[in-house]
Amino acid sequence: MDIKESQSLRDTLLKEIAKCRACRFCIDVCPAYQASEWVENMSPYGRLQILKYLINGTLEEDDPLIYSLYSCLQCGRCDRLCKAKGQNLEVANLIRLGKYLLSQGLVKGKKSEKV
Amino acid sequence: MKRSKRFISEVLSTLKDNIQRTGDPFGIKSVYWTGWTKGLDLPRSGETILLTARMYQMLPYITNITGLVASARPFISRRGLATIVNVGNRIMGDKILKVKSLGSKNIRSKGKKVLTGMVNALSAIGQRPAYLYEDEPYTGVLLYDLGLDEYIEDHVKKVYSLLKNHNVKKVIGVDPHTVFMLKKIYPKYITNYDIEVKHYLEILSENKDALRKACRKSLDKEFVIHDSCYMTRELGIIEQVRRISASLDITIMEPENNKLDTACCGGPIEYAFRDLTEKVSKTRVQELSSISKNIIVECPICLINLRKYEKEMGIKVWDMGELLFEALVYDNKKFNNSYKS
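In order, the protein sequences belong to chains A and V. Residue 58 in numbering that gives the first Met the number 0 is what sits at position 59 of the first sequence, and the numbering runs on without skipping anything. Residue 194 in numbering that gives the first Met the number 0 is what sits at position 195 of the second sequence, and the numbering runs on without skipping anything.
One chain only, chain A, in its complex shape (with noise of 0.2 Å):
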């Protein structure tokens, strides 16, 4: 991914996350959530929190932060909760594209850059 590319992700990943209501029913059928003792990074709103705040340079990349994003289970049914309550994020797609994002620094022998 280039730079263009990286910054265009960067972009379209704010502007999708800025639509976030924070509603929070998202959280609740979260099954990496329930199964965390109900800590809301483990959800998907607060992992779109993180990713928001990893990409505004907010937070840095450390090991809470990438086990929240990685626990992610991609089952998707945070989208369908979102697309019921009339905001219609792809929740799971857009946490998988942070992955992408993220992987640019910890896939090993590539030019790493800061998320």
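Pairs of lysine-lysine residues, derived as DSS-like cross-links and limited to a Cα-Cα distance of at most 27 Å, are as follows: (1) A:Lys3 with V:Lys156; (2) V:Lys169 with V:Lys112; (3) A:Lys84 with V:Lys258.
Computed list of chain V residues with no C-beta within reach of chain A, every gap over 12 Å: (4) Gly26; (5) Val30; (6) Ser108; (7) Gly125; (8) Glu238.
Coverage of chain V stretches by chain A, computed from C-beta distances (three or more under 8 Å per stretch; other residues unrestricted): (9) 6-14; (10) 146-156; (11) 225-236; (12) 268-277.
Since the hints were made in silico from the structure, they are not lab data. Keep in mind it's a predicted model, so treat the numbers as computed, not measured. The C-beta atom is built at its ideal place from N, Cα and C for all residues, glycine as well.
Since chain A is already given, all that's left is putting chain V on it; use the hints.
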């Protein structure tokens, strides 16, 4: 959670490396996916092929590799030691996995039974797809799931050209992850993508009357269904499995989280977070087993994750292919013994 960043970095790098080197997520060079075809005499070429994408054949390796990764995690998460583990994986990983998987006879024979059941069912409705044997590719779905999009394109193009070289026009997939990749993701990377992709349950459902006629016995038992996330939410294959079950005289019982609202088995993160996976799958098994001790699944990942609790919770997990095998290849006694009443 400790050292997750380094650990994930190692996992992503190894996966990418394995697929680039061998086309296989485990980096196994020798052919391990054709053994199930023995005695089936499937044609080697044809416009319509059955693509297992090695998913059911991988099950013994998945069982072992998740155990190995969990026990090697403290080493993988450290810089110097990770390099040693990585080099070891390149040199010996293939052999270690092969030897370790020899002990997983049960899951190996279950996978074989599932695939044989599918072939028998397709034959019963007059479909005789070809099989690519040694040439059968892996679709690269793990690259997609883990956001390794940068490496997908190469892999997708290789697989597509392999299919075209074999003059394939239609693919019958046996698991939802493969069908999802071929149907939804491949067209994004290939212009004028022209391969028709269907899940075998869709085909059987369209011919359910012929399937009913071909059944040598009625299964006439109750099962609770675990819908796969990809199958329902991504592919919209929901009623087909219920229609086929009705053809086999199976009574399907529905859990609270079903169809489009199905709950995940926890499988997709098992490669790295085994503890969390176990919590997720246990919750799901508890929900399902409160309805019936006999659970139907339609995905290899769900199969391997839910069946871990067979002994502990006194359940039995059946893949749809296995039930087709039971209905089409008559062995009443074995089926009745396996069914948890």
